[in-house]
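Produce the complete structure using the sequences and hints provided.
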Amino acid sequence: MSKLKEFYLFDGLSQKDLEVLESISFEKKFSKDELVFYKGDESKYLLLLLSGCVKIYRHDFKDNEITIHNIKASSFIAELANYENIPYPANCRCEMDSKIIFIDYKKFEEYFLQKNEFLLIFIKSLTKKIKALELFISTNMIEDVDAKIAKFIYDNKAEINAIKQIKIAELLNIRQETLSRKLAKLKKEGILENKKGKIEIKDERALKALF
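Remember, my numbering sits 1495 above the position in the sequence shown when you count from 1.
Just to be clear, a hint being listed does not mean it is correct.
As the list claims (entries may be wrong) - Here are the computed lysine-lysine pairs in the DSS-like style, where the Cα-Cα straight-line distance is at most 25 Å: (1) 1646 x 1693; (2) 1539 x 1567; (3) 1682 x 1693; (4) 1610 x 1659; (5) 1646 x 1697; (6) 1498 x 1523; (7) 1682 x 1703; (8) 1677 x 1690; (9) 1680 x 1703; (10) 1527 x 1511; (11) 1594 x 1523; (12) 1703 x 1677; (13) 1602 x 1524; (14) 1524 x 1500; (15) 1626 x 1539; (16) 1690 x 1662; (17) 1691 x 1646; (18) 1691 x 1662; (19) 1567 x 1659; (20) 1534 x 1623; (21) 1500 x 1557; (22) 1623 x 1498; (23) 1680 x 1693; (24) 1594 x 1539; (25) 1693 x 1683; (26) 1534 x 1523; (27) 1511 x 1557; (28) 1646 x 1683; (29) 1539 x 1524; (30) 1619 x 1539; (31) 1534 x 1626; (32) 1646 x 1682; (33) 1693 x 1703; (34) 1659 x 1594; (35) 1682 x 1659; (36) 1680 x 1646; (37) 1683 x 1652; (38) 1567 x 1652.
Note that these hints are calculated values from the structure, not bench results. Predicted model, so just to flag it, every value in this text is computed and none were measured.
In structure tokens form, the structure reads like this:
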């Protein structure tokens, strides 16, 4: 598991610390669509996504699948559950073939989180997940589809073209056809424009006014 040292949190580990980390970890391969954990499972392990992509999701009262977050490598998965010592609050499924390192969280906490440099970086990772959750909540509280799409584009303008439309529709819990139609409308109104197949905001003020 020498790849552990390639992860930003562990790249400064001494040989002794790396050996300790490897002694409390194991790697597991997952196939596309394979479940990593279910809502309610015990968060015994700190999960490090080494390669691939996973989806964190729940089901609403109609049993519709609601995507909360898509996580790409390299990143921790649902570490807030570890930190709060609570069961996983949602399900996790692989979006593609993935490799995940399972780290015994209790031992990790006892040995590594007593060191300030590790604690600070771990907290930063937690903060990113909390922000993603806040974005999910704020976006999905908007009932108007035009406003929901406008807010998503505005909040994700830096990486909007790295997200496939099918994923955007999934994250917004709308049909892909609806998204395509609304994007076409925004382009026709001069709020967005298409440059070499990429979405660009032409009128940021008008886009923001929609939500």
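Hint by hint, here is what the structure shows:
1. For the given pair, residue 1646 sits about 18 Å from residue 1693 by alpha-carbon distance, which is consistent with the 25 Å threshold.
2. The hinted pair formed by residue 1539 and residue 1567 meets the criterion: a straight-line CA distance of about 21 Å does not exceed 25 Å.
3. Restraint check for residue 1682 and residue 1693: the C-alpha separation of about 12 Å stays at or below 25 Å, so the hint holds.
4. Among the hinted pairs, residue 1610 with residue 1659 is inconsistent with the structure: their alpha-carbon atoms are about 39 Å apart, more than 25 Å.
5. For the given pair, residue 1646 sits about 15 Å from residue 1697 by alpha-carbon distance, which is consistent with the 25 Å threshold.
6. For the hint pairing residue 1498 with residue 1523, the CA-to-CA distance comes to about 13 Å; that is within 25 Å, so the pair holds.
7. For the hint pairing residue 1682 with residue 1703, the CA-to-CA distance comes to about 15 Å; that is within 25 Å, so the pair holds.
8. Of the pairs offered as hints, the one joining residue 1677 and residue 1690 holds, with about 17 Å between alpha carbons and a cut-off of 25 Å not exceeded.
9. Distance restraint check for residue 1680 and residue 1703: the Cα-Cα separation of roughly 15 Å lies within the 25 Å cut-off, and the hinted pair is therefore satisfied.
10. A distance of roughly 35 Å separates the Cα atoms of residue 1527 and residue 1511; the hinted pair therefore is violated under the 25 Å criterion.
11. As the CA atoms of residue 1594 and residue 1523 are separated by approximately 6 Å, the hinted pair is consistent with the 25 Å bound.
12. Taking the CA atoms of residue 1703 and residue 1677, the gap is about 15 Å. The hint holds against a cut of 25 Å.
13. The hinted pair formed by residue 1602 and residue 1524 meets the criterion: a straight-line CA distance of about 22 Å does not exceed 25 Å.
14. Of the supplied pair hints, the one linking residue 1524 and residue 1500 holds, its CA atoms being roughly 19 Å apart against a limit of 25 Å.
15. Taking the CA atoms of residue 1626 and residue 1539, the gap is near 23 Å; set against the 25 Å cutoff, the hint holds.
16. Between residue 1690 and residue 1662 the CA atoms are separated by roughly 20 Å; this keeps the pair inside 25 Å, and the hint holds.
17. Between residue 1691 and residue 1646 the CA atoms are separated by roughly 23 Å; this keeps the pair inside 25 Å, and the hint holds.
18. Distance hint between residue 1691 and residue 1662 is fulfilled; the C-alpha atoms sit about 20 Å from each other, no more than 25 Å.
19. Restraint check for residue 1567 and residue 1659: the C-alpha separation of about 14 Å stays at or below 25 Å, so the hint holds.
20. Proposed proximity of residue 1534 and residue 1623 is supported: the alpha carbons are some 21 Å apart, at most 25 Å.
21. Taking the CA atoms of residue 1500 and residue 1557, the gap is near 44 Å; set against the 25 Å cutoff, the hint is violated.
22. For the hint linking residue 1623 to residue 1498, the alpha-carbon distance of about 23 Å falls within 25 Å, and the restraint holds.
23. Pair hint residue 1680 plus residue 1693 holds up; C-alpha atoms about 16 Å apart against a cutoff of 25 Å.
24. Restraint check for residue 1594 and residue 1539: the C-alpha separation of about 18 Å stays at or below 25 Å, so the hint holds.
25. Only pairs whose Cα atoms come within 25 Å are accepted, and residue 1693 paired with residue 1683 is accepted, the gap being roughly 15 Å.
26. About 20 Å separates the Cα atoms of residue 1534 and residue 1523, which keeps this hinted pair within 25 Å; it holds.
27. In summary, the hint linking residue 1511 to residue 1557 is not supported, as the alpha carbons are separated by about 51 Å, beyond the 25 Å threshold.
28. The straight-line distance between the Cα atoms of residue 1646 and residue 1683 is roughly 18 Å, inside the 25 Å bound, and the hint therefore holds.
29. A threshold of 25 Å between alpha carbons decides the hint, and for residue 1539 with residue 1524 the separation of about 18 Å falls inside it, so the pair holds.
30. In summary, the hint linking residue 1619 to residue 1539 is supported, as the alpha carbons are separated by about 21 Å, within the 25 Å threshold.
31. This hinted pair checks out: residue 1534 and residue 1626 have alpha carbons roughly 20 Å apart, not beyond 25 Å.
32. Using a Cα cut-off of 25 Å, the hinted pair residue 1646 and residue 1682 holds, with the two alpha carbons roughly 15 Å apart.
33. Note on residue 1693 and residue 1703: the hinted pairing holds, with a Cα-Cα distance of about 19 Å set against a maximum of 25 Å.
34. Under the criterion of a C-alpha separation no larger than 25 Å, the hint pairing residue 1659 with residue 1594 is consistent with the structure, at around 22 Å.
35. A C-alpha spacing of about 17 Å is found between residue 1682 and residue 1659, which places the hinted pair at or below 25 Å, so the restraint holds.
36. For the hint pairing residue 1680 with residue 1646, the CA-to-CA distance comes to about 15 Å; that is within 25 Å, so the pair holds.
37. Distance restraint check for residue 1683 and residue 1652: the Cα-Cα separation of roughly 19 Å lies within the 25 Å cut-off, and the hinted pair is therefore satisfied.
38. Restraint check for residue 1567 and residue 1652: satisfied, since their Cα atoms lie roughly 18 Å apart, inside the 25 Å limit.
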